[in-house]
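Undergrad: Chain by chain, the residues:
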Amino acid sequence: MSETGNLNRRGFLARVASSLGALLLGGCDRLSESHWFPRILGSAEVVNKRAQSAVTRAQSMAREYTEADLSPNFKSNGTDYPNDAKYQALAANHFVDWRLEVGGLVARPARLSLAELRALPSRTQITRHDCVEGWSCIGKWKGVPLAALLDRVGPLPQARYVMFFCADPMEGAENKYYESIDLAGAYHPQTILAYEMNDHVLPIPYGAPLRLRDERQLGYKMAKYIMRIELVDSFAHIRGGRGGYWEDNGYEWYAGI
Amino acid sequence: MSSMTTPTEIPEVPAAEPHRWSYRHTRLVRVSHWINVVCMTILLMSGLQIFNAHPALYWGERSIFEHPILSLGAKQTATGEGIGVTTLFGHEFGTTGVLGLSRDGSGDLAARGFPAWATIPSQQGLAMGRRWHFFFAWLFVINGLIYALSALASGHLLRDLIPSREDLRHFGRSVWDHMRFRFPKGEAAKRYNVLQKISYFIVVFALGPLIILTGLTMSPRLDAGFPLLLDVFGGRQSARTIHFICAFTFLAFVLIHVFMVLVSGVWNNLRSMITGWYTVDQPGEPHE
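If you're matching them up, the sequences are chains D and B in order.
The numbering used here puts the first residue of the first sequence at 1, with every later residue one more than the last.
The numbering used here puts the first residue of the second sequence at 258, with every later residue one more than the last.
Because the hints were derived from the structure by calculation, they are not lab data.
Because the structure is a prediction, the values reported are computed rather than measured.
Be careful, since some hints might not be right.
Claimed, not checked - Incomplete in silico selection of chain D near chain B, CB under 8 Å: (1) V46; (2) V55; (3) A85; (4) Q88; (5) E133; (6) C137; (7) L218.
Quick reminder that beta carbons are idealized off the backbone N, C-alpha and C, glycines included.
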């Protein structure tokens, strides 16, 4: 083969490679923006959830660490200080007037103060917080096991999910943070409603007065600034219908990976 | 290599042969190879998208944000100009335009780890990047399992991938030949040479499992089920770092692999990975 033939061939291959690259990127972007393709990709979420539930025990415990492992600089992600007048008034008074509402599909709806929550059984755990962005921090949390609270209010048989409605507005005053977990996760021993972090009253950037800890899922499941808990049989009719603020924005409801 | 296939699978030998034809890759090897090309391309690029959500790596269980192993960021100079900065083990490198700060779809400079042309989707979008990544990760795993199990069952593994003592004796010679771009000819070209065997074996049976396991170690649910994963890899952040290194080792393998394909007879190689048929030049020998 002649030298020019070689060069032409090389140039041709380079052009093919770069065109393929452009086609790939453009194609993937167009597919990402379509209605149908992300739903096909999203089928992996169901597979992830089923596979992970199948290979791990329902009661498997997240690793617990020691005081020496605590993050010196735990990142507070998302909202640092809810831009909401009602919340700020509660915070100004150290949440003395704050009440956790627990309702929905329960036998005995309740309104509980922080003092009442502290009077319930408590659990303390040093665990790793894994953010969907990729980083991890280790913190010490004390709070009431969600199981204890559920026992108190008595979920009805048709209840399947626990919804958490929060004080922090995300996009507009009406669109506040919310999340949901299933009952199996809610009764897990490490699932607690934390009111203390690193031996101090839970600071505002970390979700005062009360936040969820669900140690086997990613950080976005662990709602901060909880105002109301509701038990439901389905969240399809609530807000965006996907069970949480980030879920309504394309993230998976199952956040175990 | 006809022993690698069932007779019904062998297409007709191309007519008018100036060379000798050899059936080099079974259908299963060919199909799984091209599925892998798609999976690995998408996994790398969606992985870089996910990495961009927090473009820094750490060692251990937790992120010590002040001391990353690697971080890609943007800074402002004294004159107010934006620059991309890559920090590796505390040493800073200017990487404006590629890492830390690069042009987005509209041509404006934006702070992001890897540039738009390297990520899926090209715009910043962690949720969509995760969707691509997990879907194609399953495809990659299933495809890899089918390939590995059938390689074991069919004898492809023992016959073609594990180097024989004879192969290993020629290791130094093979390295020297490759460095001079002299590739096996005739009968020897029909089989993988020792360097191919070793690199394919390591990629399939070491690098592949390692990148899957370190990926799974980033899952808090699996860490609860299999805390051993955390011990083996030294923590979730270490696992994330190893996962990243594996991805670029894969990329390095692919670049070398493609280069070798290009310099050792590109059309012959491509044809054999598409149709299965490979020609072997045998000057002086009568055609069959």
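Undergrad: Against each hint, give a clear statement of whether it holds in the structure.
TA: Cross-check of the supplied hints:
no. : hint : in the structure
1   : V46  : violated (11 Å)
2   : V55  : holds (6 Å)
3   : A85  : violated (31 Å)
4   : Q88  : violated (28 Å)
5   : E133 : holds (4 Å)
6   : C137 : holds (6 Å)
7   : L218 : holds (7 Å)
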